[in-house]
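Participant: Just so you know, the numbering used here puts 554 at position 299 of the first sequence, and the rest follows in order with no gaps.
Incorrect hints may appear among the rest.
As the list claims (entries may be wrong) - SDA-like, lysine to any residue: derived pairs with alpha carbons at most 20 Å apart:
(1) Lys314 to Pro325
(2) Lys594 to Gly615
(3) Lys340 to Lys268
(4) Lys367 to Ser335
(5) Lys469 to Gly747
(6) Lys581 to Val591
(7) Lys327 to Arg366
(8) Lys326 to Arg366
(9) Lys790 to Asp534
(10) Lys314 to Gly615
(11) Lys376 to Ser313
(12) Lys790 to Pro538
(13) Lys367 to Ser313
(14) Lys746 to Thr274
(15) Lys612 to Tyr644
(16) Lys824 to Gln505
(17) Lys340 to Lys367
(18) Lys811 to Leu825
(19) Lys637 to Glu661
(20) Lys612 to Ser335
(21) Lys268 to Arg366
(22) Lys746 to Val436
(23) Lys326 to Tyr372
(24) Lys340 to Glu305
(25) Lys637 to Pro611
(26) Lys581 to Ile716
(27) Lys281 to Tyr407
(28) Lys735 to Ser861
(29) Lys340 to Leu317
(30) Lys790 to Gly540
(31) Lys340 to Met456
(32) Lys314 to Arg366
(33) Lys731 to Leu748
(34) Lys373 to Leu317
(35) Lys811 to Glu305
(36) Lys497 to Leu528
(37) Lys268 to Met256
(38) Lys497 to Gly747
(39) Lys509 to Leu470
Source of the hints: derived by calculation from the structure; they are not laboratory data.
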Amino acid sequence: MLSRASKHDPRCKNVEGGTFHSFAYKMLKRYSKAIGFPDAFTVLDESDAEDAVHRCASKMGLYERKARFPKKDTLRSIISMSINKNSAIGEIIGKEYPHFAEYLPEIENLRKEYAAYKVDKNYLDYDDLLVYLRILLENSDIRDRLSQRYKYVMVDEYQDTNVIQGDIAYLLSEKNRNIMVVGDDAQSIYGFRGASHENIMEFPGRFPECTIIKLEENYRSTQSILDVANAVLENMKNKYSKCLVSAKKQAGEKPQLLFFKDAYEEAEWVADLIKRQLDEGIPLGHQCVLFRSLYLSIPVQSELSRRNIPYETYGGLKFYETAHVKDIMAHLKLLVNPKDELAWNRVLMLIERIGPKTAGVLIDETAGYASLREIVESLFPKYAKGRPYSEGLAKLGAAFSAVYGEKMNVGEKYELILEYYVHLLKENYDDWHLRMNDLEALRQIAARYDSLEDLLEDFAIEPPQKGVWGVEPETKEEEKPLVLSTIHSAKGLEWDAVVVMGLMDGVLPVTFALDSEDEIEEEQRLFYVAVTRGKKRVFLTLHHEGMRGGITQFNKISRFIDVPNVLSKLELMDITRPHAREFHEKGPEETGALYDKKQLLERIISFYK
DNA sequence: CCGCGGAGTGTTTTT
DNA sequence: CACTCCGCGG
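With these hints in hand, go ahead and build the complete structure from the sequences.
Facilitator: In structure tokens, the structure reads:
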């Protein structure tokens with residue numbers, strides 16, 4: 256956003272900016288002493304946080320009982336929701352997880368235990384970043400200092416902020432009262448992580464002197480696209496008193512609605528469309544394919560590859576969350592902070608014949624040493640003989656000792672750690688070859704850093720999208736690849752031509768949302784966001800036959816579209832592909848026998864000779 | 001105590 | 001259908 260603004264006025268380059276989380280991180284780093292934190296703290300990503308919760312729950316013996324205690328990801332999300340939605344654990348469980356009501360006291364204890372654990376180990380999870388920043392800002396001395404430094408505050412996508420973020424924005428600008436927030440309550444799609452439009456509603460209460468500006472003219476989309484968006488808004492229970500009017504003079508093309516037999520025909524058509532539009536002169540970078548969840552994009556990805564159309568995916572399972580990337584990062588983390596027991600656990604468990612028990616014993620022992628060097632030189636030798644894992648541990652020690660203390664740059668350190676890790680990678684993953692590509696890409700990223708600390712910080716808080724990081728601005732408009740994105744990740748972005756795929760009930764809205772009216776409406780806002788990403792052309796597609804667990808399901812058109820006022824704004828297209836359909840439905844073709852089984856087998860075996 | 005294989009389960013969106 | 005948990009063999 257700042258780089259885009261800089262094109263209009265170069266002074267924008269001097270503006271500090273980032274997500275609430277990255278801003279919080281910077282401030283906590285600067286004022287760590289004020290809240291009694293040492294300078295070195297580690298930010299836990301979501302899966303680290305889950306591991307930490309799991310460790311606490313195990314320590315408390317919560318998994319020893321016969322009855323089923325919630326799993327670590329559920330526990331972490333209960334605790335996280337209670338913070339982000341600013342409500343008690345009991346309330347969250349009552350509303351979202353009533354089947355776990357019997358465990359309320361245990362989970363409340365776990366929450367305390369987890370909080371204490373993090374304080375003890377100098378860990379901060381994503382929620383803590385916000386919580387601690389708010390605590391920091393509640394101190395009037397610090398608040399004054401920050402007000403001195405940041406005289407003007409602007410918050411974008413304000414409808415996506417939660418109570419804590421609202422408080423932070425308020426505290427930060429309470430003194431100077433120079434704050435501007437921008438938001439659209441109809442685009443609120445992060446309710447699941449505690450965002451609420453309340454912050455927008457309460458803003459005039461907190462800043463009574465504020466001016467409210469309603470932006471009703473839309474500079475992005477054509478009127479034909481906005482007609483669909485308006486129709487969607489009309490159908491919502493929550494009445495948004497808004498009617499989008501385009502600033503563009505031409506009405507533009509009516510968005511098309513296309514039906515397909517199955518996901519493959521849909522994907523084929525979409526890939527063909529992209530190609531056609533490219534030939535028409537719309538660069539790939541000006542086109543985009545959107546969907547509710549990432550798995551829906553898999554057929555399109557293969558169709559695009561077949562046509563040699565370059566693409567990149569936004570959102571969903573991220574490459575920095577994959578096991579091999581986390582493995583190597585854990586090694587690097589130990590170089591920076593040898594007290595990081597989650598990293599130790601990951602690193603040790605990779606070694607042959609080390610399981611949870613042994614790892615636990617070793618980790619407890621590391622606590623008695625001050626540096627990684629001491630651990631490697633004094634602790635590891637104790638286990639150098641007579642243990643099934645002695646050899647593996649020695650290799651790890653050798654790898655560490657080659658790196659610590661030596662004067663070398665980040666790229667070289669990474670290289671040495673990778674050299675050690677490669678054998679573990681090959682042993683643990685059949686597809687190690689693919690994973691190696693990621694680790695190579697990561698090496699190039701790492702090499703751009705001056706210190707490991709900086710690399711790890713950025714990685715925890717603003718991880719790279721796809722192994723490319725900071726290279727993007729250099730890319731020429733015509734060379735940018737096609738974007739495949741979840742609707743969530745497409746927020747705030749725009750393209751000339753947008754395809755929204757998989758518009759079926761059960762996909763958008765997702766099945767899990769169906770039992771709550773609020774959640775259905777959040778899905779509907781998501782649809783609204785998707786449609787309004789398009790500037791000139793919008794295509795909505797769906798397919799009827801869905802495969803779920805081996806059985807064919809018949810999909811219904813999304814309830815958000817199957818309404819007269821929406822349908823009337825769309826061009827209905829039934830794309831049937833008779834040839835493809837016949838091929839699938841006809842069954843075995845009548846031909847003479849070419850081989851019998853024995854001949855066939857010989858044929859196959861001869862391939863390998 | 002580790003590691004492997006079978007059974008069972010829930011399956012989304014993100015900082 | 002992919003991941004996690006559980007039980008068994010070494």
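Participant: Compare the structure with each hint and give your call.
Facilitator: Results for each hint:
no.	hint	verdict
1	Lys314 to Pro325	holds (15 Å)
2	Lys594 to Gly615	holds (13 Å)
3	Lys340 to Lys268	violated (34 Å)
4	Lys367 to Ser335	holds (13 Å)
5	Lys469 to Gly747	holds (18 Å)
6	Lys581 to Val591	holds (15 Å)
7	Lys327 to Arg366	holds (12 Å)
8	Lys326 to Arg366	holds (14 Å)
9	Lys790 to Asp534	holds (19 Å)
10	Lys314 to Gly615	holds (11 Å)
11	Lys376 to Ser313	holds (17 Å)
12	Lys790 to Pro538	holds (14 Å)
13	Lys367 to Ser313	holds (14 Å)
14	Lys746 to Thr274	holds (14 Å)
15	Lys612 to Tyr644	holds (13 Å)
16	Lys824 to Gln505	holds (16 Å)
17	Lys340 to Lys367	holds (18 Å)
18	Lys811 to Leu825	holds (17 Å)
19	Lys637 to Glu661	violated (24 Å)
20	Lys612 to Ser335	violated (29 Å)
21	Lys268 to Arg366	violated (41 Å)
22	Lys746 to Val436	holds (16 Å)
23	Lys326 to Tyr372	holds (18 Å)
24	Lys340 to Glu305	holds (19 Å)
25	Lys637 to Pro611	holds (19 Å)
26	Lys581 to Ile716	holds (14 Å)
27	Lys281 to Tyr407	holds (17 Å)
28	Lys735 to Ser861	violated (46 Å)
29	Lys340 to Leu317	violated (25 Å)
30	Lys790 to Gly540	holds (13 Å)
31	Lys340 to Met456	holds (16 Å)
32	Lys314 to Arg366	holds (13 Å)
33	Lys731 to Leu748	holds (18 Å)
34	Lys373 to Leu317	holds (19 Å)
35	Lys811 to Glu305	violated (36 Å)
36	Lys497 to Leu528	violated (33 Å)
37	Lys268 to Met256	holds (10 Å)
38	Lys497 to Gly747	holds (19 Å)
39	Lys509 to Leu470	violated (24 Å)
Checked against the numbered hints above, the structure breaks hints 3, 19, 20, 21, 28, 29, 35, 36, 39 and satisfies the rest.
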